[in-house]
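Could you build all of it, start to finish, from the sequences and the hints given here?
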Amino acid sequence: QKEVEQNSGPLSVPEGAIASLNCTYSDRGSQSFFWYRQYSGKSPELIMSIYSNGDKEDGRFTAQLNKASQYVSLLIRDSQPSDSATYLCAVNKWNAGNMLTFGGGTRLMVKP
Amino acid sequence: NAGVTQTPKFQVLKTGQSMTLQCAQDMNHNSMYWYRQDPGMGLRLIYYSASEGTTDKGEVPNGYNVSRLNKREFSLRLESAAPSQTSVYFCASSEGLDQPQHFGDGTRLSIL
Numbered sequence: 001q002k003e004v005e006q007n008s009g010p011l012s013v014p015e016g017a018i019a020s021l022n023c024t025y026s027d028r029g030s031q032s033f034f035w036y037r038q039y040s041g042k043s044p045e046l047i048m049s050i051y052s053n054g055d056k057e058d059g060r061f062t063a064q065l066n067k068a069s070q071y072v073s074l075l076i077r078d079s080q081p082s083d084s085a086t087y088l089c090a091v092n093k094w095n096a097g098n099m100l101t102f103g104g105g106t107r108l109m110v111k112p
Numbered sequence: 001n002a003g004v005t006q007t008p009k010f011q012v013l014k015t016g017q018s019m020t021l022q023c024a025q026d027m028n029h030n031s032m033y034w035y036r037q038d039p040g041m042g043l044r045l046i047y048y049s050a051s052e053g054t055t056d057k058g059e060v061p062n063g064y065n066v067s068r069l070n071k072r073e074f075s076l077r078l079e080s081a082a083p084s085q086t087s088v089y090f091c092a093s094s095e096g097l098d099q100p101q102h103f104g105d106g107t108r109l110s111i112l
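If you're matching them up, the sequences are chains A and B in order. With the first letter of the first sequence counted as 1, position 106 gets the number 106 in the numbering used here; the numbers rise by one all the way through. With the first letter of the second sequence counted as 1, position 4 gets the number 4 in the numbering used here; the numbers rise by one all the way through.
Misleading hints may appear alongside valid ones.
Straight line, CA to CA, 20 Å or less: simulated SDA-like cross-link-like pairs of lysine to any residue [to be verified]:
# : chain 1 : residue 1 : chain 2 : residue 2
1 : A       : Lys93     : B       : Asp105
2 : A       : Lys42     : B       : Asp105
3 : B       : Lys57     : A       : Thr101
Beyond 10 Å from chain A on every Cβ pair, some chain B residues (computed) [what the hints assert, rightly or not]:
#  : residue
4  : Thr7
5  : Lys14
6  : Asp26
7  : Met27
8  : Asn30
9  : Ala50
10 : Val60
11 : Pro61
12 : Asn65
13 : Gln85
14 : Gln99
15 : Gln101
16 : His102
No lab work stands behind these hints, which were simulated from the structure alone. All C-beta atoms, glycine included, are put in the ideal place defined by N, C-alpha and C.
Okay, structure coming up:
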């Protein structure tokens, strides 16, 4: 089992819809969770962080964390073509010096 | 506010040549990282430095060396470049190992 797992996609959604991106992790001791957005040819950019169970909202983005089930998700409301990118999940490895481990990313395509 | 600065942005080398990729951060971060990202793939950690004066191997360290010159600067050296090292290299920094990482713009390296 990969330490941080994401469906590579592409996930295709129509403009205006809700995009739901999921990430599962294997280390039960993980405490820090991050979502990055990476446009093609660019570097990863931090868009959300979450540390507690439940939802955290920031504009059109909502991060959801369920530590019991070991998953974290990112919802993008009112998806726009400009949201088309690869989204990377990062989780700290509590049993390995707390280093962040990145998932392989999910490619999101928002169609006009 | 420059954040993480990488030089050069592009480089073409011949097999067997050596070069050093430079990275500097101005956020007073303790931890710094070097990743490579190949087309359609996720980030792979080459080396990291948890704090000034320390360096450790990541997932794919073979063929590379690093130097944490001071708190701001972390360089990556290819001693004898090979075509398999053709990739995009990202430097990142964070306050601590479990904190969100901030990325530079990347160096696109081609080895012929």
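A quick look at each hint next to the structure:
| no. | hint | result |
| --- | --- | --- |
| 1 | A/Lys93 / B/Asp105 | violated, 25 Å |
| 2 | A/Lys42 / B/Asp105 | holds, 7 Å |
| 3 | B/Lys57 / A/Thr101 | holds, 14 Å |
| 4 | Thr7 | holds, 14 Å |
| 5 | Lys14 | holds, 25 Å |
| 6 | Asp26 | holds, 16 Å |
| 7 | Met27 | holds, 13 Å |
| 8 | Asn30 | holds, 12 Å |
| 9 | Ala50 | violated, 7 Å |
| 10 | Val60 | holds, 13 Å |
| 11 | Pro61 | holds, 14 Å |
| 12 | Asn65 | holds, 20 Å |
| 13 | Gln85 | holds, 19 Å |
| 14 | Gln99 | violated, 7 Å |
| 15 | Gln101 | violated, 6 Å |
| 16 | His102 | violated, 7 Å |
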